[in-house]
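Line order of the protein sequences matches chains A and B. As numbered in my numbering, residues 1 to 510 make up the first sequence, in order. As numbered in my numbering, residues 1 to 508 make up the second sequence, in order.
Careful: at least some of the hints might be erroneous.
Derived CB-CB ranges, DEER-like [said to hold, decoys possible]: (1) Leu22/B with Arg371/A: 41 to 51 Å; (2) Pro466/A with Ala31/B: 24 to 34 Å; (3) Gln243/A with Val287/B: 42 to 52 Å; (4) Met16/A with Asp111/B: 56 to 66 Å; (5) Phe12/B with Arg491/A: 22 to 32 Å; (6) Gly7/A with Ile9/B: 50 to 60 Å; (7) Ser367/B with Trp469/A: 48 to 58 Å; (8) Ala467/B with Arg370/A: 31 to 41 Å; (9) Ser73/B with Asp64/A: 22 to 32 Å.
If you are wondering where the hints come from, they were derived from the structure by calculation, not from laboratory data. Using N, Cα and C, we set each Cβ at its ideal position, and we do this for glycine too.
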Amino acid sequence: MPGFHRGDYLLALPMMLLTLFALGVLLIDLLLDRSSKVINAWAAFAGLAFSAAAVHNIQRAFADQAARGEPSSPFFAFSGTLMVDRFAVFFFYLFLAAAAITILMSVRYLEVEDEHHGEYYALILFSVVGMMCMAAGNDLILLFIGLELMAVSTYILVGFLRRDRRSNEAALKYLLLGAFSSGIFAYGLSLLYGLAGSTNLQQISMALGNAMAPGKARVVPAVALVTTAAGLFFKIAAVPFHQWAPDAYEGAPTSITGFMSVAGKASAWALLLRIFLFALGPMRPLYVPILVFVAIATMTGGNLAALTQSNVKRLFAYSSIAHVGYIMLGLIAGTAFLPNPDGIRGILVYLLVYTFMNLGVFGVIASLRRRDIIGDELDDLNGLFFKAPTEAVLMLTFLLSLAGIPPLAGFYGKYFIFLALIESGHYALATLAVIYVAVSAYYYLRVANAMFMRTAGDRVPVTISPGMWAGLAITGAATVVIGIYPEPFLRMVNWSMHVAQNPTVAQLLR
Amino acid sequence: MTPTAIISIVTFLPLAGGIILLALPRGAENAVRRWALFVTVLEFFAAAHIAFMPGHHFSMSGWAMEENYAWISTPAIRYHVVLDGISLWLVILTAFLTPLCVLISWRSVHDRVKEFFFLLLVLETALTGVFVAFDLFLFYFFWEATLIPMALLIGMYGHGRRIYASVKFFLYTAVASVFMLVAILWLYAHTGSFDFTVIQPWLRSHPEVAAGNAGLWLFLGFFIAFAVKVPIFPLHTWLPDAHVEAPTAGSVLLAGVLLKMGTYGLLRFCVGLFPEAARAQAGWINVLAIIGIIYGALVAMVQPSLKKLVAYSSVSHLGFVVLGIFTFTAAGTAGAVYQMLNHGVSTGALFILVGMLYERRHTFEISEFGGLASRMPVYAAFFVFITLSSIGLPLLNGFVGEFLVLSGAFRDRAIYGILGASGVIWSACYMLWMVQRVFYGENRNPANALLPDASAREKLTLWPLSAMALIMGVAPMIWLSSINPPVEQILKNVAPASHMAYVAGGQK
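The task is simple: from the sequences and hints, build the whole structure.
Listed below in structure tokens is the structure:
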């Protein structure tokens, strides 16, 4: 293969800019005294803005393609290692938005925790770079590097509260289990490489297509599938690979819990979709039964465990596990060989709306962190409506949206996924899922009850920094606006589904 | 004003009023109350004048008024709202009861007044929306939207076990309505539309679906959501808790309007969309309705608490409505719709009366009272009058509805009529016995000695209700003339010819 072209670097520009700014933050942090650490946040914010501009540049190239009347085809870079298609662009924007909102919500929280360091912002930027590689990787090596970059940054962020034992414990658990699962995942990837003789996703897909031909022994493909899937299930925190999530979510700084639960999850889903739809596409008849089992276990485990939690962060950790179960149904929907387009659309819509509503939830919880008050027990929310009515109403909005009550954003994710299930005849799964949605209403209501119907336990006022206000305003507005007028957002998702290069994927994602 | 925009105006006027109300300064509680009263009275006149608008014939078949705009293109969701003779009166009932709720909450709500009236206004918009929505998605949206303000009204302003009651109310309804959601999604997946006016013809032209297994499951999906709301025995257990713990205004709207969402849904969607399945399942549904009539009455009789008694009487009265709908007779179904309105007026009034007593004594226990008629003659007169209307005394509203329902039930199957009619006797028993214990006899409790009689504000609340009970009793044709055409339209797919022969009021 010849050397790299200028165009290659333009496609990688979003990641390169983020890396540069991350390194810059690390440098300027040395020059800043304790009182002016907020400049780090501004610098990181600027990095995200520049990166978004670079993504916009790529998006314009797709627009030019469409204007010339050409069918949408992805851009390849670095000898086919990096593949930027509309699907990747969608996720780029999603990660950048999640990181930006997280930074808005972090500043005061870190000050209260007395851990305001530049590394925090640099690590967020690095993890976004990793996520982008996961979303745009077309090669097992790049995907794995992206995954590890994201994971290692997150391990550190989870343990960022050095003097907090819960944070340390969470980071260690997460690190050990994460390393273990990465090992299994890498083992699966190595088998895929052995089968295909290539790390390229298209090559793997073709090789697996041959391996799945009738009459051939399927042992090695099956082992490769199971190990790869296990690694991915760990990353999205699906039952029975979810044990790390409640501990990591509880111990991590609240702002990072929010970030992990949306951006981390979305990137793991991007990776999972890349692998399951692109590389493992021909193995769909094998993996759907596994997904059905895991989805049912995930919805059951997540929802039932959430019912009894008394710590809000743990409660939302289990709630996010339950949501993974619903999202997985979107991949199950379809025939034996092809997923249902509404199901894939549902996954993307779900990840989009989940980003806003769950970040909002953790924003509100983070704002409850005051001097001497941890603020993450359910009882700390008691009477919030009387202390801080706006926040309580926002929280109620997020909760109802998570519970899938229309006309809030969360409804549409569930809507498309259930619709896809019904379209493809999975009535039993659809019914089970809606019953679990109703169960989830119960634990969301517990939080709402505490805020609205109980009296406050402490009198310490809840103060909200301008950054937090901005973060809550964005997430709240998005939750309501997507709910009432989802049209532009659905158009964006439809736009991102034009990924027409892999023949099997092209067939289904028109 | 274009003539059709009136539906949207009536639907969203309370919400707009509520948003303005939020802008009023904190502490200006009287201003909040006056504004809420102004908005709800305005809403009442806006809603009521539709019935008298020229150029719209609610006494003819077809949708009398509609608005239909695209809202979301994928999925194809339309803002499609329709008024016909059934929904019109339910909307007016909602608009009629809400100002009275504002009046009775004038003093009894003194904390967080602004939030209370805001929730009340939001609830009014959601309730109105349920009755006018013709796009199933829009319907589901309003249906779920009623839950939140109602649950908050119970949970924030209720009595002792309010949180328990609020959660129970929310969960029962939320769990049941997800089955409706699955059914709605199934219909969308097969028809490509949420619009009632698209789905209904589609089902008519696909008898293998409507009359087959799919039709049965879809019917049951809708049915369970509505049955919990009505509530049909044995799904009624949330109702007494919610009623007893709710503030008076909450109880009034709960009994007066929210329960009607269930019966309205049964008639409009369960019977309207799946007549074959409804016909096939009518047997056990009628049995449950009759069990509800008798069981509700018997349980009401032994209640020591006034409010619980009224709550269980609702279970009994709503049994009549369900029985009327599932007899598929012109008389029975029209009577069921009429009984929905009656029950809103009578039971709404009873909850208001009970709430007034609670404001004075802070108890609902029947044994705490006795001989009140001599202390509070005006109040007692209203109470007895409303009681008589509730038990169906001829010339008052309850009689017309029960008579029509029972005549329909006899036509369908005599045993339904016989058992249903026993409910009329039971209701006389428990209501009159309660009145006797509370208002007559000797007052042994010194706490009752100084109770003030109804105040001017309270009389202002009770007069419209009493007047309505009388007018609806002596001139039912005002209502029935516009209720009959849509009822006939729904029944023409489901009822055998013999059931249509008798038309309420002798009109054809």
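Against the structure, the hints come out as follows:
The hinted range of 41 to 51 Å is not satisfied by leucine 22/B and arginine 371/A, whose Cβ atoms lie roughly 32 Å apart. For the hinted restraint 24 to 34 Å between proline 466/A and alanine 31/B, the CB-CB distance of approximately 32 Å keeps it satisfied. About 50 Å separates the C-beta atoms of glutamine 243/A and valine 287/B, a value consistent with the hinted range of 42 to 52 Å. Evaluation of the 56 to 66 Å hint for methionine 16/A and aspartate 111/B yields a pass: the beta carbon distance comes to about 58 Å.
Remark: the range hint 22 to 32 Å for phenylalanine 12/B to arginine 491/A is upheld by a beta-carbon distance near 27 Å. A hinted range of 50 to 60 Å holds for the C-beta pair glycine 7/A and isoleucine 9/B, which are about 57 Å apart. At roughly 55 Å, the beta-carbon separation of serine 367/B and tryptophan 469/A lies within the given 48 to 58 Å, and the hint holds. At roughly 57 Å, the beta-carbon separation of alanine 467/B and arginine 370/A lies outside the given 31 to 41 Å, and the hint is violated.
For the pair serine 73/B and aspartate 64/A, the supplied restraint of 22 to 32 Å holds, since their beta-carbon distance comes to about 26 Å.
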